[in-house]
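Heads up: the protein sequence lines correspond to chains A and B, in order.
For the first sequence, the positions run 339 to 415 when my numbering is used.
For the second sequence, the positions run 116 to 342 when my numbering is used.
In case anyone wonders, no lab produced these hints; they're calculated from the structure.
Treat the hints with care, since some could be wrong.
Within a straight-line C-alpha distance of at most 20 Å, the following computed EDC-like cross-link-like pairs (lysine to aspartate or glutamate) qualify [what the hints assert, rightly or not]:
1) A/413 with A/398
2) B/179 with A/410
3) A/348 with B/188
4) A/348 with B/265
5) B/117 with B/188
Every value quoted in this text rests on a predicted model; they were computed, and no experiment measured them.
As a plain string of letters, each chain reads:
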Amino acid sequence: MKVKVVVTLKNGVLDPQGKVIQQTLNGMNFDNVSEVRQGKFFEIEVKENDETKAKSLVDDMCKKLLANLVIEDYKIV
Amino acid sequence: MKSSVIIFPGSNCDRDMDVALKKFGFKNQMVWHNDQSIPKSDLIVLPGGFSYGDYLRCGSIASKSKIIKSVIDFANSGGLVLGICNGFQILTETGLLSGILQQNKYLNFICKNVYVKVKDKKNKYFKNIKKDILELHIAHNEGNYFCSDDEKKSLEDNNQIAVTYCDEKGAETDENNPNGAVKNIAGIFNEKKNVLGMMPHPERMIDKYLSGEDGSLFFENLLGNIK
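Construct the entire structure; sequences and hints are all you get.
Dropping the structure here:
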């Protein structure tokens, strides 16, 4: 089955690219944008049909490789 | 004294490091990332470059490569491991050093000479070094050192901050912090101080006609301390 993961910077960690995107959007007259945080998105095809097992495997992958927990949070969606 | 430089796909400072180590008397050997073990060495160097194209996060893929287990075992048994630039990024991703190198604060690739202050001399790398302020070269896009407040406190309490960005007189100001690093940090040690990671490239400053010689000071001193 396919498992999807979103990795984002933790709150409080500076995201200069997100800031530039926000400023650009503001410059394009999207005045309502007050903050942008950029992240990463993974689609992982796991040879496992049991959803709980598949997600637990991906959770392990997140901790060991996909996210660096010093600055990033992850969410299996 | 024997040294080993690990080559990853995308390393590009491995040959410079080889030249530098040999110039100051190390018997250096190059080790491929896909090897299982490292020949007997007094020093292992993870060189600069863009290992695995900087995919996912700088250094993250290299930190899971085949050779890394031997590097970690060597470090844990007290062996000297030096990571320069991408090598520093790899060391943080392995967990041998705390924190992480993020993208530079102003999103630009920085390539220039900087001054760094030697913050601790009770270690094999900087003991007896004749200068407190070194002029070295940096070239990176991800050199913005970041760590949690707890990690920062423990780096300070254990004198694990190795070098910091400063001006030529040693003032560690914001103006002289090229990439936004916490506390102007340019390099740190592990707790036992046998592992050093730093962004500046000493191997680029070993010729008085081409660059400068503060890198020579670093290598001569290191060799003297290992002997």
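To see whether the hints hold, each was checked on the structure:
1. A/413 with A/398: Between residue 413 of chain A and residue 398 of chain A the Cα gap is close to 12 Å, so the pair holds against 20 Å.
2. B/179 with A/410: Cα-Cα ~19 Å, so holds.
3. A/348 with B/188: 31 Å, violated
4. A/348 with B/265: Cα-Cα ~16 Å, so holds.
5. B/117 with B/188: 17 Å, holds
When held up to the earlier numbered hints, the structure conflicts with hint 3 and nothing else.
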